[in-house]
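A.B. asks: Sequence:
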Amino acid sequence: DQEVMHAFGHLDLLHPANTITPARALEIAIEGETYEYTEMYPTFRKTAVDEGNEAAVVEIDEQIAESKEHAEQFQAMLAKAAKRFAALANVEERHANHYKKALEKAKEFAAV
69 DQEVMHAFGH
79 LDLLHPANTI
89 TPARALEIAI
99 EGETYEYTEM
109 YPTFRKTAVD
119 EGNEAAVVEI
129 DEQIAESKEH
139 AEQFQAMLAK
149 AAKRFAALAN
159 VEERHANHYK
169 KALEKAKEFA
179 AV
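Everything in the sequence shown is counted per the working numbering, starting at 69 for the first residue and increasing by one.
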């Protein structure tokens, strides 16, 4: 529990809550998971292989697969959110244009 609070303290220093967006949080998560499966765990795996520690190799292989899966899930979530927000932006633009036309008609009617 204290380690989690310690980690959150570092997170707040690196990425203050009032400056980070959900999209950026997902990007950070993707970067972290990608680092784990492309650099960190492969380095650990090489050490385990060099030391002949087969149990560690198996565990690390599982961690590599898990980190890769997490990165892919976060990437899919980010892509889905971008697609949804783009669709919402289109809907909101149509609504705004509709309201502008209605306002113009109301102004024309009031001027008569």
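It should be emphasised that the hints constitute simulated quantities derived from the structure, not laboratory data. Errors might be hidden in some of the hints.
[To be verified] Straight line, CA to CA, 20 Å or less: simulated DMTMM-like cross-link-like pairs of lysine to aspartate or glutamate: (1) K136 to E172; (2) K114 to E101; (3) K148 to E137; (4) K151 to E107; (5) K136 to E160; (6) K114 to E140; (7) K136 to E99; (8) K151 to E161; (9) K136 to E95; (10) K151 to E140; (11) K148 to E130; (12) K173 to E161; (13) K114 to E104; (14) K148 to E99; (15) K148 to E101; (16) K114 to E134; (17) K114 to D129; (18) K136 to E107; (19) K114 to E95; (20) K148 to E95.
Source: prediction; values computed, not measured.
A.B. asks: Determine for every hint whether it applies to the structure shown.
C.D. replies: Right, here's what the structure says about each hint:
1. K136 to E172: violated (54 Å)
2. K114 to E101: Since the Cα atoms of K114 and E101 sit roughly 19 Å apart, the hinted pair holds (cutoff 20 Å).
3. K148 to E137: Holds, at roughly 16 Å.
4. K151 to E107: Status violated; Cα separation ~30 Å.
5. K136 to E160: Measuring from Cα to Cα gives roughly 36 Å; hence the hint is violated.
6. K114 to E140: violated (24 Å)
7. K136 to E99: This hinted pair holds, its Cα atoms lying about 11 Å apart.
8. K151 to E161: holds (15 Å)
9. K136 to E95: holds (14 Å)
10. K151 to E140: Answer holds: K151 to E140 is near 16 Å, not above 20 Å.
11. K148 to E130: Given pair K148, E130 is violated - Cα atoms ~27 Å apart, limit 20 Å.
12. K173 to E161: holds (18 Å)
13. K114 to E104: holds (14 Å)
14. K148 to E99: Roughly 18 Å between the alpha carbons, so the hint for K148 and E99 holds.
15. K148 to E101: holds (19 Å)
16. K114 to E134: holds (18 Å)
17. K114 to D129: holds (11 Å)
18. K136 to E107: holds (12 Å)
19. K114 to E95: At roughly 28 Å apart (the allowed maximum being 20 Å), E95 and K114 break the hint.
20. K148 to E95: holds (13 Å)
Comparing the model with each numbered hint stated earlier shows that hints 1, 4, 5, 6, 11 and 19 do not hold.
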